Amino acid sequence: MMEHTQSQLASDKGKALIEIQQVVKTFTNAAGEFTALRGIDLTLHESEFVAVIGKSGSGKSTLLNMFTGIDHPSTGKVVVEGVDIYAMSESKRSLWRGRNLGIVFQFFQLLPMLNLLENVMLPMDYVGMYEVNERPKRAMELLRMVGLEEHAQKLPRAVSTGQQQSAAIARALSTDAPIIVADEPTGNLDSRSANHIIDLFTELSERGKTIVMVTHDATMTKRTSRTVVISDGVLVNETIAQALPLLSQPLMRELSNKVERVHFQPGETIIRSKQTVEKFFMIAKGDVDVVLHGRGKDDLVISQLGTNDFFGEIELLRGGKSIASVRAGSENAVELLAISREDFNWLMAESPLTEKAIGDIVQKRLEEKKQSDRRKRKGLFGRK
Numbered sequence: 001m002m003e004h005t006q007s008q009l010a011s012d013k014g015k016a017l018i019e020i021q022q023v024v025k026t027f028t029n030a031a032g033e034f035t036a037l038r039g040i041d042l043t044l045h046e047s048e049f050v051a052v053i054g055k056s057g058s059g060k061s062t063l064l065n066m067f068t069g070i071d072h073p074s075t076g077k078v079v080v081e082g083v084d085i086y087a088m089s090e091s092k093r094s095l096w097r098g099r100n101l102g103i104v105f106q107f108f109q110l111l112p113m114l115n116l117l118e119n120v121m122l123p124m125d126y127v128g129m130y131e132v133n134e135r136p137k138r139a140m141e142l143l144r145m146v147g148l149e150e151h152a153q154k155l156p157r158a159v160s161t162g163q164q165q166s167a168a169i170a171r172a173l174s175t176d177a178p179i180i181v182a183d184e185p186t187g188n189l190d191s192r193s194a195n196h197i198i199d200l201f202t203e204l205s206e207r208g209k210t211i212v213m214v215t216h217d218a219t220m221t222k223r224t225s226r227t228v229v230i231s232d233g234v235l236v237n238e239t240i241a242q243a244l245p246l247l248s249q250p251l252m253r254e255l256s257n258k259v260e261r262v263h264f265q266p267g268e269t270i271i272r273s274k275q276t277v278e279k280f281f282m283i284a285k286g287d288v289d290v291v292l293h294g295r296g297k298d299d300l301v302i303s304q305l306g307t308n309d310f311f312g313e314i315e316l317l318r319g320g321k322s323i324a325s326v327r328a329g330s331e332n333a334v335e336l337l338a339i340s341r342e343d344f345n346w347l348m349a350e351s352p353l354t355e356k357a358i359g360d361i362v363q364k365r366l367e368e369k370k371q372s373d374r375r376k377r378k379g380l381f382g383r384k
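Once you know that position 40 of the sequence shown is 40 in our numbering, the rest is easy, because the numbers rise by one and skip nothing.
These are calculated hints, taken from the structure and not from any lab test.
It cannot be assumed that every hint is accurate.
[Unchecked claim] Computed list of lysine-lysine pairs in DSSO-like fashion (alpha-carbon distance at most 27 Å, straight line):
no., residue 1, residue 2
1, Lys92, Lys77
2, Lys15, Lys92
3, Lys55, Lys92
4, Lys222, Lys92
5, Lys370, Lys279
6, Lys55, Lys77
7, Lys274, Lys137
8, Lys77, Lys222
9, Lys55, Lys321
10, Lys154, Lys137
11, Lys154, Lys258
12, Lys55, Lys154
13, Lys15, Lys274
14, Lys321, Lys274
15, Lys222, Lys370
16, Lys274, Lys356
17, Lys77, Lys15
18, Lys154, Lys15
19, Lys274, Lys154
20, Lys279, Lys321
21, Lys356, Lys321
22, Lys274, Lys222
23, Lys321, Lys370
24, Lys285, Lys258
25, Lys370, Lys356
26, Lys258, Lys279
27, Lys356, Lys55
28, Lys321, Lys15
29, Lys369, Lys356
30, Lys369, Lys279
31, Lys154, Lys285
32, Lys77, Lys154
33, Lys364, Lys321
34, Lys285, Lys274
35, Lys222, Lys321
36, Lys55, Lys274
37, Lys321, Lys369
38, Lys279, Lys154
As the structure is a prediction and not an experimental result, all values here were calculated from the model.
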């Protein structure tokens, strides 16, 4: 069984907070028109820590600008907390942004002539939040939270880049906004400082904030609850991106056009033991049990797989029939993405890294099967 901390976190979603509906963004310049976003549909939920990744020019920063209200979509709608933000006037949207969004920039954007405490107070002043005499206390509490209380009176140039970014996060929190948006927040930091920033974002998400972080660094996604991949202005299927992260983005997009969505009711059998397997399955929603059947009604669940895990790879890579049964979990229906044996073989040929990673998982699962067989022979066969 593969462990996916991301999957577990993402499965416990709060209410929908940001809804992007069929958003297209086209830029026009002397060279002609360029479409940066191509019909984006995306819903982000309360308390999620979301990484938006993609190559340079893929459209990730443009996407970010859509729900911060910084840029206008050419067509489509952006709804944040039930509000169509582009139905507002510019002045109302600016005030809305100040109260509802905390923005962390790659280059910090701290005002150089103000100390860290004054920088953190700026958004409070702008939106008229808190009494004037309360603002320094509130700002100091935020600096204390990010470990900068002793540096409150220092100018930005007097502290390290990591500390400047921490101060920028404190500033983003100064109006207690429900959404924190960060554009490449670790791009200019060393690994230690970057990890500290991710620790802060994780803590904030656990406190109920929704964090949306744009990054080109795929390793950052190991700590987030969800990953959104954008390629050439189109969102890649999230299940594919999570289940098969070593695929190139073009391959992810191509595979998205080959998958079939299938559904199974709670407890329903997906693959029977000793059955020929002709498909590779990725779990888009729900969970499945991998089961060895005993005598009578005795079954042994040898593994449980959740969202973004996969199965069927052992039989497709090794040949032969299924070594165990797979059934939908007993509590909820399961949604799967399925590809044919032919498409699976094509994918392995196109991505040797993915083939190796899946091969390693095959070895691990076969060892789990051997251990379960030994338990069965020793009479430790559990009941369903």
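With the threshold set at 27 Å, check whether the alpha-carbon distance from Lys285 to Lys258 stays at or below it. 18 Å, holds
Given the hint that Lys364 pairs with Lys321, does the C-alpha gap stay at or below 27 Å? This hinted pair holds, its Cα atoms lying about 18 Å apart.
Given the proposed pairing of Lys356 with Lys55, does the C-alpha separation stay at or below 27 Å? Holds, at about 24 Å.
Straight-line alpha-carbon gap Lys369 to Lys356, limit 27 Å: 20 Å, holds
Are the Cα positions of Lys279 and Lys154 separated by 27 Å at most? Status violated; Cα separation ~61 Å.
Do the alpha carbons of Lys356 and Lys321 lie within 27 Å of each other, as the hint requires? 21 Å, holds
Given the hint that Lys55 pairs with Lys77, test it: the Cα-Cα distance must not exceed 27 Å. OK: Lys55 and Lys77 at ~25 Å, within 27 Å.
Distance restraint between Lys370 and Lys279, which requires alpha-carbon spacing of 27 Å or less: 23 Å, holds
Need the status of pair Lys222, Lys92: alpha-carbon distance at most 27 Å? 37 Å, violated
Can you confirm whether the C-alpha distance between Lys55 and Lys321 stays at or below 27 Å? Violated, at about 40 Å.
Hint consistency between Lys222 and Lys370 [alpha-carbon to alpha-carbon, up to 27 Å]: 30 Å, violated
Is Lys55 within 27 Å of Lys92, Cα to Cα? Answer violated: Lys55 to Lys92 is near 33 Å, above 27 Å.
Hint violations for this structure: numbers 3, 4, 7, 8, 9, 11, 12, 13, 15, 18, 19, 22, 28, 31, 32, 35, 36 and 38, all remaining hints satisfied.
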